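**Student:** Sequence:
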Amino acid sequence: MKRIFWHLFSIILIIFGASIFDGCSTKPDLSNEDTREESNALLALNEQYDNVRNGARLILAYNAQNNAFKGTVENTTTETLKQVRVEIHLSNGVELGPTPARNLGPGEKRDIVLVATGTDFTGWTAHPEVGSGEHSHGEHGEHDKEGGGEHN
31 MKRIFWHLFS
41 IILIIFGASI
51 FDGCSTKPDL
61 SNEDTREESN
71 ALLALNEQYD
81 NVRNGARLIL
91 AYNAQNNAFK
101 GTVENTTTET
111 LKQVRVEIHL
121 SNGVELGPTP
131 ARNLGPGEKR
141 DIVLVATGTD
151 FTGWTAHPEV
161 GSGEHSHGEH
171 GEHDKEGGGE
181 HN
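In terms of the numbering used here, the sequence shown is numbered consecutively and its last residue is 182.
There may be inaccurate statements among the hints.
Said to hold, decoys possible - 27 Å max Cα-Cα, derived BS3-like pairs, lysine-lysine:
id, residue 1, residue 2
1, Lys112, Lys139
2, Lys139, Lys100
3, Lys112, Lys100
Just so you know, these hints were derived from the structure itself, not from any lab. Note that this is a predicted model, so its numbers are computed, not measured.
Please take these sequences and the hints and turn them into a complete structure.
**Tutor:** Following this line, the structure appears as structure tokens:
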């Protein structure tokens with residue numbers, strides 16, 4: 031019985047110790063960031079998107095005169111963000127982007143322009159993507175076929 035007690039006690043100590051060290055991580059605290067793929071709430075055409083996700087701050091607005099979404103994506107961390115790209119989802123189901131994946135150094139900001147393929151939408155949502163997950167398919171992935179992309 032003593033052996034089981036000490037075995038369980040050791041496991042508890044290991045778990046407790048691991049949780050203490052996990053709290054000392056040097057990664058930035060992203061707890062207040064928008065980490066969802068995109069929310070169900072669409073923005074109106076006259077609204078601006080301004081959110082931080084995985085250390086990338088995306089500010090975008092729709093320009094009806096140019097039928098384009100314009101803004102910036104900025105690295106808000108002290109480390110390089112790998113393969114940063116931007117996507118926009120229109121209310122008509124069309125996805126614009128993602129923009130070409132590029133690394134962003136600490137504090138670096140990049141202009142974003144995504145032209146809409148039509149005008150039959152009444153709302154939109156957007157998000158930055160960071161890293162090789164999500165929709166990253168290399169240079170010739172599924173998004174290359176959609177006609178979306180960055181235009182500077």
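**Student:** Next, verify each hint and record whether it holds.
**Tutor:** Right, here's what the structure says about each hint:
With a CA separation close to 13 Å, the supplied pair Lys112 and Lys139 stays within the 27 Å bound. With a CA separation close to 13 Å, the supplied pair Lys139 and Lys100 stays within the 27 Å bound. For the hint linking Lys112 to Lys100, the alpha-carbon distance of about 22 Å falls within 27 Å, and the restraint holds.
The structure agrees with every numbered hint stated previously.
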